[in-house]
Every structure is written in C-alpha cells, then in structure tokens.
Amino acid sequence: MARTLTILQAINEALDQEMARDSSVIVMGEDVVGGSGAEGEMDAWGGPLGVTKGLYGKYGDRMLDTPITESAFIGAAVGAAASGLRPVAELMFSDFVGVCFDQIYNQAAKFRYMFGGRAETPVVVRTMYGAGLRAAAQHSQSPYSIFTHVPGLKCVMPVTPYDAKGLLIQAIRDNDPVIFFEHKGLYETEGEVPEQSYSIPFGEANVVREGNDVSIISLGLMVHRSLEAAETLAGEGIQCEVVDLRTTSPLDEDTVLESAENTGRVVVVDEAPPRCSIATDISALIAQHAFDALEAPISLVTAPHTPVPFAGVLEDQYMPDAARIATAVRSVAGYA
Amino acid sequence: MSGSDVRALVMPKWGLTMTQGVVVKWLVDEGADVEQGAELLDVETEKILSAVESPANGVLRRRVAAEGSTFPVGGLLGVIADADVADEAIDRFAATFEAEFTPETEAVAGEGPSPQQVDVNGHSLRYLKMGEGGEPAVLVHGFGGDLNNWLFNHEALSAERAVCALDLPGHGESSKNVGDGTVASLAQVVAGFMDAQGLPPAHLVGHSLGGAIAAELAATAPDRVRSLSLIASIGLGREFRPGFLDGFATARRRRQIKPVLEALFADPALVTRRLVNEVLQYKRLDGVEEALTAIARDLVADGQQTVSIRERLATYPGRVLVIWGGSDQIVPASHAAGLPDGMHVEVIDAVGHMPMMEASARVNQVLAAQFEGRLTA
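Respectively, the protein sequence lines represent chains G and L. So the working numbering is basically just the index in the first sequence, starting at one, shifted up by 3. So the working numbering is basically just the index in the second sequence, starting at one, shifted up by 1404.
If you're looking for bench data, these hints aren't it; they were derived computationally from the structure. Since the structure is predicted, the reported quantities are computational estimates derived from the model, not experimental observations. Just so it is clear, CB atoms sit at the ideal spot from N, CA and C, and this is done for glycine as well. Hints are all accurate, no fakes.
DEER-style ranges, computed between Cβ atoms:
#: 1; chain 1: G; residue 1: G315; chain 2: L; residue 2: Q1520; range: 46 to 54 Å
#: 2; chain 1: L; residue 1: G1707; chain 2: G; residue 2: G57; range: 47 to 55 Å
#: 3; chain 1: G; residue 1: A140; chain 2: L; residue 2: R1678; range: 36 to 44 Å
#: 4; chain 1: G; residue 1: L52; chain 2: L; residue 2: E1443; range: 51 to 59 Å
#: 5; chain 1: L; residue 1: R1678; chain 2: G; residue 2: T235; range: 21 to 29 Å
Take a look, some chain L residues computed to stay more than 10 Å from chain G by CB distance:
#: 6; residue: T1624
#: 7; residue: P1646
#: 8; residue: G1746
Produce the complete structure using the sequences and hints provided.
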C-alpha cells in the first residue's frame, strides 16, 4: 500500500529497509546518531535534520557517529566499501567536499578502473545541496556538475518522495560510488510512497508533464519551479513538457533528445551557476544531436556566476524562480 | 428504445478514485444514429484515455460537453433519444438533469468499496469486492495484470451480485512469493480465496493466464464454479507472441516496456505515459521480476504454449463462454475455433488482447448474459 510521506521520511525508510535486508549496509557521518553520550532523545538526534532518526535503536553499532573530519570519515567509508561493506556516508553539506575530494574523485571513482575491474566501491555519499535557506555562500551551493564531470561516479538528485526512496535503494545496491544529492528545500515535499521496497534504475529521466510546445529540461528543486511555470503557461495556451533528469550520471540522453525533437523549443533550468554546468551540458547535447529539430535558440535559466549571496533579497534574486522560467519559455515559444 | 425515451449520456466512473474526466474529442456528430455500445467520445482521466459508449440505441440529439472541458462523474455529456422526440423535450430533459445533478464530493468518492488484504495459503492477497448477494462472480486477471484490469467492468457487473477481483500472488499489491508458480498452484490460491470469502459456487471470469487458472479450478472443483468465462485465454492453442513474457518480466525502463504494452491493444495510443509509469512502478517492486519469471517458466517453452486446457474444459459440465479480440497480437483469436459444442464464442473485431478494456460495454453485456444463463452456443 502506498501512503503519503515526505522526502525526509522516504529517505529514512529506504535506509531502514536496506539495513534490515542487508547487514553489510552501515551509516556513518556527523551526528547521524547523536553522538553526545547523553540520555534518550538527545542521543538519537538522527543528523542535523533528523533524516536518520530512529535507526540507531534498530541497528546500533551499524550507525556510526564520526568526528567533524570529512577527510577521515569519507575516506573510511570508501575503504570500507572497497573491502566488503555498503556504507552510506552523510556529507552534511555538499559544499564541504573540498576537504575530502581526493577520497571521492581520485580514489572511489578510480578503484574499479585501476584494479582491472576486480575492486568495487559500493559507497553512497548522501549530501545536502541548494540555496534558499539563508545559509550563505559556504552552505548553499549546487555543485553536482563537479561530481558529474568525474567518470566513475554516479550522481542522483530525487525530487519526489517516491523517487527518493527508489533511487536511494538503487544507490545502496549499486556497486559503484553514488553521490546522492538532497535539496534542503525539498525535505518536507510530500507524495505517495509504496510500503514495499523498490528500486528505480539510474539513467531513466522522468517526463513529469507532457506538452508539445516547449521542453523544460530541469533537475532538483528546479523541477518543482518548472512545473509551477508550466501551469501558469498552460493558462496562456503554451503547453510545456517538463523533464526531470533524475540522474546526471548516467544521463538519459534519449529522453532529453526525444523531448527536444518533439517540441523543437528548449529551456534548460539549473540552480547552479552557468559555466561548465548541467545546463550547458544539456544544451550542448541537444545542439549536437537534435539541431535539425530546433525552431529556436536553446534558452538557459540558471543562477548568475557568483557565490550564493547571504542577503535574503539577493538570494531570492539568485535562484531561478517560476516567473523567470515562464519568461524564458514565452520568449522561446514566440521565436520565429 | 421506445418512442418517447430520452437517455442521459453521463461521465462514467472508471475505477474507485475517479472523480472527474476531461472530454478529449467527440467521435460522432450531433444528429447521428448510434447503437448501444457505440463509442461516442473520448474521455481522459488521471489514469487512462478511453471511449464512452452509448447507453442505448437512438440518435445523439445533443452534445452537451465541449471538447477540452472537465466534468464530474455522473455529469451530463450528451442526450440520446429517438429522432421523433421534440427538440423542446430534449432541452427540458437536459435542463432538469442539470438542475437536479449534484456531483459526488471527493469525501464521498473515498467512502466507496476499497481494496482489502486477506491471507490465503501463506500469501497476502489484495482484493476488491463490489456489490452484494446474488450468485457471486470472481474476476481473475492475466500475467502481469492486477485487479485494476477490470476497471471498466467491475462496477457494471456488480449491479446484481457480489463481484470480487483479486491480485494473484506476485501481482499488484499481493505478496510476491508465487511458490512453484504453476497454473495448478495459482488455481489453488484462487480456491483458497473463495474459501476465505465464504463464497458459494461462483461465476469465474479469467483473462489470459487467468483463463487457464479459472479452467483448472472448474475442472478440479466443478461444484464450486457456476459458470466459466474465458477472455483471450491461454491454453486453447499453441501460438504465443514470441518474447512477450520475458520482455514483460525483465523490462525495467520505459523504452523497454512500452512496445511490450502496445502489443496488448489494437490501438497502441491507449498505452499512455501514465499507464507505462504504473506498470513500471509495479515492476520495480522487490520480488516482481522473480515472481513473473517463475510463472512464465510454466507457460511457454520454445515459443509455444505448454499449458493446455482443452481437456480440462471437456470435463467441466457447466456453461462456458469464450471471448476474444479479433486483433489479438498475444494469443490469436483463431484459438477460439474448434471448441466443443455447447460453448458460446464471442469474437470482437478490431480489439486486441484486452477486450474487457477495449470493448468494455460489449464484454459487460455478454458476461451479464452468461451469468444469467441467457447465452446460447
């Protein structure tokens, strides 16, 4: 039976079901238990937002609180994965990857290739991303394109509770390192989630709204804003097809190209800055393989090429919103 | 239709959760002669695109619903009457209907019958019961299906009787353990389900794999089966669409499953993105691929069906109805030929492997007649 859960609850349920199914699954990170040695609830906080709450009581020493040293515990997770466990490590903010990037980029991503296919690294790094929470430049970025650039890593960003559970279960069962991006602004998003375990294959984009006039290719929180824009535009007679990439590596090129060929008019929406980004990558893909179908220049709606501002009024301007997306769609739809 | 009858054409209710539908396109002009069961307009719901059929013979006197507009279940879409009924009478009918109509609210819609779970022989089975009393009927879906396959039939058939549709083991929201997955063991589960429900002898309706299961039960426990209705059943011939079972069992992606599903229908446009997504959501559940693979193993070998129910049917003394879509691409309609005397055979033109969905009005009529013993061979 399906019930309504939040994304936060769906992630918790995926961890719970996989830990119950497979004793090699462990969870590690800062405060994933609570770690202070205090009594009761104070000692089972379940991460800064409570995503892992309740798991310590069920799985005990398979829930590991770590010191605040990403370089150490991400490295430990990668090593544990290479030697038989399936660790899910929580890198609290994806902005912190700088101190543990070697462990991810030059170790985990390379083992399968450096050791002749004889080593596997089934590690999952769960990590928060995204702006909108007044958390300033060091806690608000969307650095998924940095990870997507690295061969050997898989990059996942769910936008519904159904996808969050199914993609996280797939991530845990996958034999390669997976970076699992959780948007801070989406944890309370609700949706139907089956009670049973299920997995969603990577590289399968989701067409979340069908339309024949303009394609909006999007990911993460921006999918919700694209849907909001599409609803407004439908009232003006512009039917948008909204594609949620779901995973940027592997990338479902076929669904992107199919949509672009269907509409001939494309807007790509990305919360990250525009240089060397998912938006430019998707744009290049379409220009290269669907050029003949295009009826208008591809339009990119992205953040500006600046750090995320702390001032609220500036941060709101920084993030693409439904109004900006709608403006871009109108311009592309009207191009002759 | 007698001279002065005026009939309302209303938004149908397809499935428990449907509260409204969008009128996509009218298929016949105002003033056209229509027969009962003729497709009059296409309606799209959250789940499915299908045609609304005429409730009577007559003339489509008014197209009330504009294309693109949304109507609640039971809302007036059009008016059907004989040609000699005065225009004023038609207008009066429509005005009175609109004045008296109250759409059911979502709260009321949620209070209807809802699916239940029951434990049978170590399986947790989901089922949905509609209607009360009478000689009950049991609906058994086919390979990869579930109780929602009877979306267009369940309520119509339950007007005079209790009708139960279940999810077979490995299917829908039933548990995914299928044991040895053979037709005989699945028939035992259906028998166990009837026991658990305390059902008296029932009319069995089986689609595809469900047909072979129903026939097995009729042959082994004829006193429990009031009549047998087989829709596009397996077990009546050897041919079977190559690659269909494996293709369905192993597909994990939209591009893989879509062509498989399109082969089920005469009109591939019925395979909407939503239908594909619902099948994929089921296919992604842990244990489903293993369950389907285990069941498929018993059905087809070297591209030929290995299950035969012709001898089983010969031992069943009750009424047997066989329904087929003339354009079935999975199991050919030619398998309806050469059946023993006394069986009623109904082949419906331009319909594929899912006649209960693609020609629901006709299938509902024939099944009702079968239940009431009104069919002749």
